[in-house]
Amino acid sequence: MEEESLGREVGLPADQVRGSLQRLRSKHLALVEEEHETIPRLTPKGESALARGLPERRFLDALRQHGGSLTPDEVTAAGLDDEERSAAIGILRRRGFLAEGPPFRLKADARTSEGFLPEETVLKQVSEEGADADPAIVDALERRGLVRRDHRSIKRWSVSEEGRRLPLAPEGEELLGSLTPEILRSGSWRGRTFRPYDVRAAVPYLTGARPNPYMAWLEEFEEVLIGLGFEQAEGPLLETEFWNNDALFMPQDHPARSIHDALSVEGVEGKPPAPDLLARVAAVHEGRPLPGMGAPLGPGWPGSYDPRVAVRPVLRSQTTAVSARYLAAKPRPPFRMFSIDRNFRREALDARHHLEFHQCEGIIGEEGLDLRHLVGVFTTLADAIGLHEMKIRPSYFPFTEPSIEGYVRHPRLGWMEVFPGGVLRPEVLGPLGVEVPVLAWGIGVMRLAMVALGCNDIRELFQDDLAALTGGSP
Amino acid sequence: MPRTVLDTERLLSLAGRPLSASALDDLLFASKAEVEGHDGTALTVSVTPDRLDLLSEGGLGLYLQGVLRAAHGIPSYRAAPTEDLSAGFEVDRSVEPIRPAIGGAVVRAPKGRSLDAGLLVEAVRFQEILHSTIGRDRRAASLGIYPVDRLEFPVRYSLEPMANVRFVPLDASEEVGAVEFFRDHPMAQTYGPLGRAGDSCLALRDARGTILSLPPVLNGRAAGEARVGDRELLIEATGTRERSVAEAVGLLLVAFVAQGWSISPVPVSRPDGSRSDGTPLVHGHSVDLPSSVLRGLGGESLSAAVVERRLAEARLGGHPQPGGWKVDAPPWRPDIMTAVDVGEDVLLAEGVRPEDGLLPPSRTRGRLRRETLFRRHFASTLLGLGLAAPHTPLLVSESTVARLGGEAPLHLRNPVSGEFAYIRNRLLLSHLDVLAHNTRHGYPQRFGEVAPVVVASPGSDTGGETRYHAGLMVASDTAGFAEAAALVEYLLRTVDVAAVREPTEVPGVTRGRAARARVAGEAVVELGEVAPALLSELGVPVPVAWAEVDLTALWPLVARLDTA
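From first to last, the protein sequence lines stand for chains A and B. Residue 474, in our numbering, is where the first sequence stops; the numbers in between run on with no holes. Residue 564, in our numbering, is where the second sequence stops; the numbers in between run on with no holes.
Each hint should be verified, as a subset may be incorrect.
Unchecked claim - Between beta-carbon pairs, the in silico distance windows are:
1. H437/B x N456/A: 37 to 47 Å
2. G539/B x L12/A: 47 to 57 Å
3. D306/A x R227/B: 38 to 48 Å
4. R511/B x T380/A: 23 to 33 Å
Hints were generated in silico from the structure; no laboratory data involved. This one's a predicted model, so the numbers in the text were calculated from it and none came from an experiment. Built from N, CA and C at the ideal position, the CB exists for glycine as well.
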């Protein structure tokens, strides 16, 4: 139904009808089809030509009145201005009615019946909004300025499928809006109709929370270790140099212990370990026998051991300190321990280095363990994270001997140095009172996580961008 | 790792076999040296800190000869002590307080040969590497190289008044006094303090009184300049420790031994009248390698022939003895300290392959600590409450600490920069940074994190205590104290405890809207509304509610309830 008809039918003003129809359309309850049509209408000049006759008709009439011959003055006298005269002469000549002149004469064979000038018929049809007017002639009349074309759009409205399904309140009943506790309590909803919602309308933007991807990756890695029988251990982030270095047979003047590499802390003082333990560690550093032993475990390091260095607090630089504390507690063999935790080194910050980094420390202590078992642990861990090709090369750590480094081949990044480890030295185990071989490693898990998470900058693992963490603007 | 640039041609001439660049890379992958780059005639290598000998063409050349089986065992280099060196070094008592150790050896070119430019460059470059590594920037040991034909033994090592010392420094042509030298010379400004005591300085003078050097700073030109064509050189080191001195000299010798030079010991006479003939420094040392240790490290019993072959390939000397071997290590292998060090050389020469790996059967039960599970419970509950989970560093910036005010957390003595200068004692510090980093996003913002803090603790053995906190923040039009309190109450309810709130003051939190909450009398929670001045400074346009639960304090309380 067209808007105008609908307006007439419901007795509402056109603007109200139009507004209501648009609202129904936005709620997908009404559909509209739009057609465009062109209507020829007479211009004022065309109206004049219809009333007075077309110039060519008036020229012919004048010819007849003057006996078939006309001079230019007689044409003017007949009421045709210059423009009309030119138009009439041009048309009659093109159609082969006029002989050369002036004076103007009809050709001998020219007919002057009514059908001779079809423009007259079309002009009349246009004035009556007739639909059958010859379009070519309408075009010609338009070019002569006698006719113009008006454009009109026609909207035909209909009820949509959804509109047909819509329950309609009985005549005169008000629809229910929100369902309130009061309505529920009173039961006043019974027999009433709810105002339908536009289920496609926009709603408030909500975000949720999802696990931090890096933390989640670390927890997955922990699961692998737990599955292999490792129990978790923990140690303090602020350590003494004793546990961070001395107990691990790191020489007290080792460059990695210098103020350029380790982060030391102001205003606090550590305490020495138990005197017996301190004495045993000092003995191996100085190449002296442990109490009760006839020969030293080795020549120790150049220089004397300074117990004042041992109590200096530093931010832990390696999770191996956790291993030292764990071993000092004399776990009963067999034992397997892991610790994935933060460490700190005095690094300049860039895409590959951060002052703060996670390491996965692991030790296994059991009679009969050797280097092959360490390699076995490395290949198992690498397999668990989807890296199946490995090669081994020698390495060095002050607290392990032999020391090795496991490289794994990543499909995109090539060979990566990932698994450093070794067999703890007698100079580490002896003072701590451990009597079984202990395999130890400290994996740079941040690097593995960067690869797994497709991250190119280590700083991205310290993620605090809430948009990234919620999957959209918070 | 220590690194240097070697002369590829000189190295390969020592290897004893032609080698392509890739073959060299592969061979060194199995060593403690690593190729970092080839550049025409230059080869950049790095080594593990225990194998400094591989940072010289000589040391690396000897290694390659071994693995290519072009030579084996310790090369022959020992020359008998000679009469002309018998006077050796004389050490004056005056050096004892500052730099008492000295040692050295004389190296002699093989017949018909002399010092060439390549070996001179190698020796000087390697000397500098040894200064910065084993010499601990010349403090523990510093080396000098002198032409023997331009000096006369004995060489006296003493502390002399600077006013009495005049010499032509190695890099100069004019004689200067020690006073001016220590005042003006750039080397003296760096290393001078190691070789001075008041108005005196350390000096090495030969029997004619010629200054060899002012250790550990610089040689003199007259008797301290080794030149191409020299046939006999004195390698000397002074330092604070005998062992560092011996190791430094021993390592430098490898450059000469690899070229066929022989080594003679130089005796040292001490102020107490004792005298050493200098041979331990030249002869190296021996270590027992019990076969049980080797089997314990590698897991397999290697035949005696295999062990001896691997020792020889590692350029060590091995002699069978009951229960194992006596292994000789040359003076350039100070890393060989005990049986496990020799065992490593044998095993690595044998090769360690991934396919040899054995996963030991597990006879233990894997698990997380109960306290870790407790923390994880809070982390997942925060997530369940819809709080995003940032991961923030323990170290916080100077500006963050200054912004919050109150009692400062622990400060690093040697921070790299102001950005990471303090150790947070509250997650609040880090979480204010999170707010500041996210002002470009819309609100509401809700996040929480379970993470460590460190607080000073005089009773702790490290001077500080690592504690774990669960911190949360809600930034929204309606955020306020009540929301923070409600969240905390819920968190605590999940572990079946309730807290009693009491007013308190927290830096950065609006006065009158901050609370402390106690569980069983222990303070375990702080919460409140972040002060508007702070929000304004951070550019946060909405109110922010904050809470922080001290899980380390809460855990024993909950565990006690568990047990009960």
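| task | Hint by hint, work out which the structure violates, then give me just those numbers in ascending order. | result | Hints 1, 4 not satisfied by this model.
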